[in-house]
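K.L.:
Sequence:
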Amino acid sequence: MNQTVDHNALLRSDVKKLGNILGEILVHEGGLELFNTVETVREKTKALRKEYNETTYQELKDLISSLEVTMRQQVIRAFSIYFHLINIAEQNHRIRRKRHYQVDEQGVQPFSLEMGVSKVKDYQLPTDVLKQVIDDLSIELIITAHPTEATKRTVLEIQKRISNILEKINNPLATQKERLGFEDSLFNEVIALWQTDELRHRKPKVLDEVKNGLYYFDQTLFDTLPAVHQELELQLNHHFPEQKWEVPNFLHFGSWIGGDRDGNPNVTPEITWETLQMQRELILKKYVKSMTELMKRFSQSINRVSISQELVDSVEHDESIYLEEDEKWPIESELYRRKFAIILKRLRDVGKSEAGYVTSEELLTDLIQIRDSAEKHQPAQRKLKAIRTIIRQVRLFGFHLATLDIRNHSGEHEFAVNEILKSVNVADNYSNLTEEEKISILEEALNDPRSLLLPEDGYSQETQAILKVFKLIKEAHAEFGKRSIEVYLISMTQSPSDLLEVLLLAKEAGIYRLYSDGHVESDLHIAPLLETIDDLRAGPKIMRTLFESDVYREQVKQRGNHQEIMLGYSDGSKDGGTLTANWKLFKAQEEIHNMAREFNIHLKFFHGRGGSLGRGGGSLNTSILSQPVETLGDGVKITEQGEVLSSRYLLKDIAYRNLEQAASALLEACSRVQTTSNHGYSREKEWELAMEEISTHSLEKYQSLVFGDPDFLTYFNQATPLNEIGALNIGSRPMSRKNSQRFEDLRAIPWVFAWTQSRHMIPAWYAAGSGFEAYINQHPDNLLLLQSMYEKWPFFHATINNLQMALMKADMKTAKEYLTLVEDPVIAERIFQDIADEYNRTRTALLQISGNQELLDHSPNIQESVQRRNPYVDPLNFLQVDLIRQLRETENPSDELVTQVLLTINGVAAGLVNTG
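When you read off a place in the sequence shown, starting at 1, and then add 252, the result is the number in this note's numbering.
No lab work stands behind these hints: they were computed from the structure.
Per label pair, the in silico range of CB-to-CB distance: (1) Pro-582 / Asp-709: 56 to 66 Å; (2) His-629 / Glu-708: 56 to 66 Å; (3) Thr-1072 / Thr-948: 33 to 43 Å.
Keeping only pairs whose Cα atoms sit at most 20 Å apart, straight-line, the calculated PhoX-like set for lysine-lysine is: (4) Lys-548 / Lys-635; (5) Lys-302 / Lys-1068; (6) Lys-496 / Lys-637; (7) Lys-856 / Lys-793.
Glycine included, every Cβ here is placed at the ideal spot set by N, Cα and C.
Produce the complete structure using the sequences and hints provided.
P.N.:
What follows is the structure in structure tokens.
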């Protein structure tokens, strides 16, 4: 008889262990009364999930309403902390599962690099073609400070320690005595979590956000990035032993934190400069630590080994220039250590004195000298891994650590250019000109080497601020290297002139240089950000106009015939619904890519995805595979926002797993495109026609509610904790552009966050059902076509699965609780009924298309995770509704009441593993 292996038994054991510890802490902190209250709430919500009962429901509501203030806060915290513990247990289980695959020689983990390279081998590509695929691989992940990370850094560090202890407890080689010690430590960390404030007492400043971002480079990314590259190299050499493989650095991290000015007045040039300094300080600190460790290992004596004359000469030369007598390594025969003493001295002096390295290339030269000499004492097949790792790290991180993108709103550039052109009598009112007239003036100015600028104090403060940004970029290139800032992003790009204006400002700062002989140099990529549905539709025309412009074509040529285009998932989804937005994003990529090929231009699409499903969220490998596969060969760039950073990069093993999944998916997809049988790029024309029709119906439904119903904004403002979220100190950026109350100016992040909290989850699924239903009802064969698309087309497969996930996390029974917060019950009931009907319509369509009996049947681990959480999120939602009602009815609410509302917001975010 076959025995079914329960892969999640150990996970449930960990959850139970952590739950028991939390129960013990509840008794200690609040007595049996607290413990019993939490247990009663828990049992009633579980019972309601199993089978709705009006009596049980009313008893639960009465219990929650009757809680006195102190008890209520402790109940909220009990459920919130339980979610933090579940999150830790699940991450720990992911690590355990990966190791299980590695130990079990019969199994290869899906989306591991081992599996990716194995699949590539099956394609039987010629060696030169595969080598080109490897050389062209490019993944760039950009960390951002979007205000969706609701968890404090202190809490994250406790969570990390708990994870490490769980790992030790589960070690089968641990002795009973050791295990008891680990369990004591585990209790101490969980009680520390209970006794720590989970809310920030002030909004973080930009430099606080910079420090939070740097934490991940310091703790995980510095070591994890080279490990992923080394694993790919290992697998290639194993599967293709006839070729000697050296994998180039294809996986990079960049940052927006400290460079994203759009709508955030707190990001000044001074802050950006300080950010670059902090990044350099961290990477130099990491190098000093690594070199100090290497110095201990390289104890070889010239009396035992033969060292290259080139290295001997360089040591003697550099000691005389850079080191005082007391700074030299005292043992003359230990030449490698003498060289490391020089390296350490020069690293510590970077940016401080002439002794310091000017560029990271100088450091690389020294390290390569040591490697080449030291490996001559080794057997040819035995390489020195430690020094090869630091060489790769220096190539990855340089002295800048991470490339910092600069982003600003197109309107600010136009304002500055308008003033500059008026001051030199080129155009009296540039902003009012037609697009053709703007382009003509800008091209003429860009073809003239002479400057248009007057002394800076002759301009308004707004224009001076923009000019300072470009001056900063020029100075940063000189101080930190040109890799420190490589891309300037223009949000709300709506016309070609938006890019030409930035190119003109770059010219005035000397970043784009036109010489008298016509020769051009450029040190900056200029990238449009296409955000709304209308912008996505206009994207191909905007880029064609630019590529046909001789001036802009020369800019692209100077950047290696590469053009970056950012696609915004958040505003498109807010504007047209998730289904239409994702389809328009797919089509925009397809059309712009094909058009760029006419000009022999390589496009890198930058996907501005959020952590939540309503903002393009999902796993990295799924994100990559759901793009038009023909666009991936020129590289892919993706934002890593908010809570995604802690969920993916807090622990080294989890970070490694996420990055190897992304690398494996990209390698396999780019290799597949090279096979002769795949010129159709994994999709049929009729599939695209079907999506176009579904998208049209979906857009109509979405906009009829969001823009067509005059009471919708009232419902949104009152039936969600939108206004209360503003008090949660989770980001330096305002909730809306220009501090406006208009829907158009509301940022997509609080839009998604608010709907997530109230369990409507509208941005992640609404209107999809209407699109599918209309298409299915048109013809009896249409459902069969959609089922075929789900089976064969990665984009459609990911879309359907993400919609299933969204519906699993949404909950109409819980969402209905929020109707009591809407002042007009008629409006509340009417709009909610529309949403609930669409939910049922969408659920029916998804089950038909996927063939599942229940949502997420295809992914039992995720299904179980959501089911494990839902009963415990419910009481937090009930409490939140009760508290928000009190808050809104109280003219001068107490700090305690505000705090409790914010604690429920934090708890729901932890429970759903999503904020915005």
